[in-house]
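Q: So you can see what is in the structure, the chains are spelled out below.
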Amino acid sequence: MFTHYLDLGWRSFRRTPLVSILMVLAIAIGIGITMTSLSVYHMMTVDPIPQKSEKLFHPQLQTMDDGEEGWGADNLPLQLTYKDAVNLYNQPFPDHKAAMIRTGMTITMNNSDLRPFIESVRATHRDFFSMFDKQFIYGGPWSEQQAESASPVAVISQELNDKLFGGRNAVGEQIFLDEISYRVVGVTQDWKTHMKFYDVNNGAFLDHEQVYVPFERIPAQSIDTWGNTQGWKFENINNFKDKLQSELFWVQFWVELDDAQAVAQYREDLMAYMQQQQALGRFNREKLEFALRDVNTWLDYREIVSEDNQILVALSFMFLAVCLANILGLLLAKFMRRAPEVGVRRALGASKWQVFMQHIVEVSMLGFVGGLLGIAIAQLGLWGVRVTQDRYESLATMDMSMLLSAPVIAITACVIAGVYPAWLVCRTTPATYLKTQ
Amino acid sequence: MLEIKPIFNALRRSKVGAVLLLIQIAITTAIVSNAAFIINDRITYLNQDTGYPEESIFSFGVMTFGKERDISQQFEEDEAMLRNMPGVIDAALFSSVPLSGSGSSTSLRLKPEPQKSRTIPSAYLFADEHALSTLGLTLAEGRNFDINEVLVTQDRSKLTEVAIVSRAFLNEAFPDGDGLGQMVYMGDAPFKIIGVVEHMKGPWLKSGASDNVVIIPFIQAQSYQQIVVRTAPEDRADIMKQMEDKMLAAYDKRVVVNVIGLDENKAQYNASDVLMMRMLMVLIVVLVAVTALGIFGLTLFNISKRTRQIGTRRALGARKSAIIRYFLIENTMVCLAGLLIGAGLAVWLGHELISRFSVPPLSHTYVMITAAVVLIMSLLAVIFPARRAARISPSVATRSI
Numbered sequence: 001m002f003t004h005y006l007d008l009g010w011r012s013f014r015r016t017p018l019v020s021i022l023m024v025l026a027i028a029i030g031i032g033i034t035m036t037s038l039s040v041y042h043m044m045t046v047d048p049i050p051q052k053s054e055k056l057f058h059p060q061l062q063t064m065d066d067g068e069e070g071w072g073a074d075n076l077p078l079q080l081t082y083k084d085a086v087n088l089y090n091q092p093f094p095d096h097k098a099a100m101i102r103t104g105m106t107i108t109m110n111n112s113d114l115r116p117f118i119e120s121v122r123a124t125h126r127d128f129f130s131m132f133d134k135q136f137i138y139g140g141p142w143s144e145q146q147a148e149s150a151s152p153v154a155v156i157s158q159e160l161n162d163k164l165f166g167g168r169n170a171v172g173e174q175i176f177l178d179e180i181s182y183r184v185v186g187v188t189q190d191w192k193t194h195m196k197f198y199d200v201n202n203g204a205f206l207d208h209e210q211v212y213v214p215f216e217r218i219p220a221q222s223i224d225t226w227g228n229t230q231g232w233k234f235e236n237i238n239n240f241k242d243k244l245q246s247e248l249f250w251v252q253f254w255v256e257l258d259d260a261q262a263v264a265q266y267r268e269d270l271m272a273y274m275q276q277q278q279a280l281g282r283f284n285r286e287k288l289e290f291a292l293r294d295v296n297t298w299l300d301y302r303e304i305v306s307e308d309n310q311i312l313v314a315l316s317f318m319f320l321a322v323c324l325a326n327i328l329g330l331l332l333a334k335f336m337r338r339a340p341e342v343g344v345r346r347a348l349g350a351s352k353w354q355v356f357m358q359h360i361v362e363v364s365m366l367g368f369v370g371g372l373l374g375i376a377i378a379q380l381g382l383w384g385v386r387v388t389q390d391r392y393e394s395l396a397t398m399d400m401s402m403l404l405s406a407p408v409i410a411i412t413a414c415v416i417a418g419v420y421p422a423w424l425v426c427r428t429t430p431a432t433y434l435k436t437q
Numbered sequence: 001m002l003e004i005k006p007i008f009n010a011l012r013r014s015k016v017g018a019v020l021l022l023i024q025i026a027i028t029t030a031i032v033s034n035a036a037f038i039i040n041d042r043i044t045y046l047n048q049d050t051g052y053p054e055e056s057i058f059s060f061g062v063m064t065f066g067k068e069r070d071i072s073q074q075f076e077e078d079e080a081m082l083r084n085m086p087g088v089i090d091a092a093l094f095s096s097v098p099l100s101g102s103g104s105s106t107s108l109r110l111k112p113e114p115q116k117s118r119t120i121p122s123a124y125l126f127a128d129e130h131a132l133s134t135l136g137l138t139l140a141e142g143r144n145f146d147i148n149e150v151l152v153t154q155d156r157s158k159l160t161e162v163a164i165v166s167r168a169f170l171n172e173a174f175p176d177g178d179g180l181g182q183m184v185y186m187g188d189a190p191f192k193i194i195g196v197v198e199h200m201k202g203p204w205l206k207s208g209a210s211d212n213v214v215i216i217p218f219i220q221a222q223s224y225q226q227i228v229v230r231t232a233p234e235d236r237a238d239i240m241k242q243m244e245d246k247m248l249a250a251y252d253k254r255v256v257v258n259v260i261g262l263d264e265n266k267a268q269y270n271a272s273d274v275l276m277m278r279m280l281m282v283l284i285v286v287l288v289a290v291t292a293l294g295i296f297g298l299t300l301f302n303i304s305k306r307t308r309q310i311g312t313r314r315a316l317g318a319r320k321s322a323i324i325r326y327f328l329i330e331n332t333m334v335c336l337a338g339l340l341i342g343a344g345l346a347v348w349l350g351h352e353l354i355s356r357f358s359v360p361p362l363s364h365t366y367v368m369i370t371a372a373v374v375l376i377m378s379l380l381a382v383i384f385p386a387r388r389a390a391r392i393s394p395s396v397a398t399r400s401i
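As you go down the protein sequences, you meet chains S and X in turn. Counting in full-length UniProt numbering, the first sequence runs from 1 upward without gaps. Counting in full-length UniProt numbering, the second sequence runs from 1 upward without gaps.
Worth double-checking, as some hints may not be accurate.
Unchecked claim - Restraint ranges, calculated between C-beta atoms of paired labels, are given here:
1) S:Glu393 to X:Thr106: 31 to 37 Å
2) X:Gln115 to S:Phe317: 50 to 56 Å
3) X:Glu76 to S:Arg267: 52 to 58 Å
4) S:Glu393 to X:Gly61: 18 to 24 Å
5) X:Ser104 to S:Phe290: 24 to 30 Å
6) S:Arg338 to X:Arg356: 42 to 48 Å
As the list claims (entries may be wrong) - Stretch by stretch, here's where chain X covers chain S in the computed footprint (C-beta under 8 Å, at least three residues):
7) 17–31
8) 57–63
9) 384–394
These are calculated hints, taken from the structure and not from any lab test. Even glycine gets a Cβ: it sits at the ideal position worked out from N, Cα and C.
Construct all of the structure, not just a fragment, from the sequences and the given hints.
A: Printed below as a string of structure tokens:
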């Protein structure tokens, strides 16, 4: 029966090509515009590490004096001070944790005519790789021992490995970072996610770092941040040592907590840590405050989806509504004109339900074709987005879920628009039309 | 003679079509007026005067990794070399580049720490006595830095004690207008305001305090430095191309990055606003087109449904113009109702946007202009089918009876 309805739908399309094309165009443009803004929105909000996002937590400590205003919605500092990050890292619980900063270094090679260049570098702890499921092609993270002795060892990205070593196994090779010789211990696979969820301070959609060095190199080499540094009180900071001792916020910190019990215990640990620090004379506050947010809550809190994009998504759905009203009108015109024919069919024994279904199938066909055309239009739109803002290069694309949802949304929208006209048609009383034949 | 009453009665008998038209017009009005308003807001923002001759200025970053040379001295030599290049008007080291979206800001105080004081948020730039000339700025009042006031050091504990500020900063700090010559403090470090620039912008155009800028004569030798150069606009591209080689020829243990014109730098910072503007423009054009198409289609449908009726009217002596008028009036009635609802919807949408996002309140002129445009557009969309209706021959009425 279904194929018969498809055939009828196709015949109907051929009989009134102009109206049909208009409807397909309307739904295609509506879907195209909506999918353009929705795709960018989707890529901004998609879970960057779905297999672990509920186990990774970013603690925030309220270390500012009473009355000082912070940056987030709840006035909590967005990053940690260096000393808090180090202290929290040195606590026995939990097993997996990593402090980190983004920095930059000049890369040179010993005997090569390669021009020196700058890459951004992440200084972090060795658990970073396992916590964020970063896969290695060659080698692995540096050892506990190398970290403790602040050894000049580095993990490089696949991309950099291709550039410097032509993609061969570079483990054991030397690279020079700011003129200091580092030994490559591992080469990581490039990230699949476009979102730098572990450090959104400089824009959540910047490129990932190409080089990773032990966090312990920070004091050893006076490695300063390339990210934001925020202060809330006046401190005389004259050199890097002062900065390490200061109350400035510039370090990100993540922990891995496997279950609710671990979360509860870590919350207690954080509170105990703050009380201990208060006893040592910090935190001039009545009430000690902290927060522990997992990946998705953290991204929500940091409002990484731009306002503009939310406005566009809202407006484009309203636009889709206009397209639907339009299609509804055209469908009414089209179906009602067919009433005499339907009258005959009804008289020959077709049930109301069959007539209704026939029209719904026809409408779905329109939606399907419109959806496919809409994907093409959305691709055009996304291309426009990429051209306008190159930072959106990896954001302005449609992933599989978006590609699949485009025809689904299109068909659903068309069916919604088609229900009323189809219902009107199937109510046709055969008698009226038989008379005039 | 307008046949409003009979048209209205006829409309009541075919409600669905009219209601659909009404919905389309209402939503269109709401979206278009808000989108047009946001677009205009962005255009005003993007075209604002920054105070700088953006087409004649460019900047670049230098990352020095060599350790054997004294960085301060190296950059003094670099500056001299750049200033002597043919085509270069002036050049200077800056701690951050205006309009680039990256820099430093602080709250300056009217009294030194630890005294309680009113604070003024402001961006600050470290640069030397060539700063104003390099940025193409002129002093409105006061004097420029003296060469002896410029501190070149690796130690941040020392600070120079003078500053040049923007008018906006001065007015905020000293609303009584006696700011020139007064002191402001960064922490406990004092600065005497010796000069005022009428109009200059800091690194962040979107910040609320983008007009507050303080220039401090201080060169801090660091491994990463930024240099700003001003040339004649026609020479800029040529000089930009030579920069990397010139700098590396002077000392090669460093990397030159991000050689970029000030206008381009600003454009990168504002890329998302341009994107928003373009997307809204596309949305408006397509929306208006789809709505016009909808009106067009619906009128055609109405006419085909009423062919016999129109024929009868013509047979009874109605003029062609009367038929056209009928459809125009019918459309106008629906359209006006739609516009009325649409205006309300537009205002509501404007309120929703304000409550959720940082957009300015919708100006009602935009709603009215949009309503007028939508009305005209709808009349245009009706005229063609209405003229076709008018051509219906009176004989149609008699034929099928």
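Q: Now, for every hint given, state plainly whether the structure supports it.
A: Outcome of the hint check:
1. Look at Glu393 (chain S) against Thr106 (chain X): about 34 Å separates their beta carbons, and that is inside 31 to 37 Å.
2. Between Gln115 (chain X) and Phe317 (chain S) the CB atoms are about 55 Å apart, so this pair conforms to the stated range of 50 to 56 Å.
3. Against the hinted window of 52 to 58 Å, the Cβ-Cβ separation of Glu76 (chain X) and Arg267 (chain S) comes to about 54 Å, which satisfies the hint.
4. A hinted range of 18 to 24 Å for the beta carbons of Glu393 (chain S) and Gly61 (chain X) is consistent with their spacing of about 22 Å.
5. For Ser104 (chain X) and Phe290 (chain S), the Cβ-Cβ distance of about 28 Å falls inside the hinted range of 24 to 30 Å, so the restraint holds.
6. A hinted range of 42 to 48 Å holds for the C-beta pair Arg338 (chain S) and Arg356 (chain X), which are about 45 Å apart.
7. Given as covered by chain X, the region 17–31 of chain S passes the check, having 5 residues with a CB less than 8 Å from a CB of that chain where 3 are the minimum.
8. For the region 57–63 of chain S, the stated coverage by chain X is not satisfied: 0 residues place a CB nearer than 8 Å to a CB of that chain, which falls below the threshold of 3.
9. Given a C-beta distance limit of less than 8 Å, the hint that chain X covers the region 384–394 of chain S holds, as 7 residues qualify and 3 suffice.
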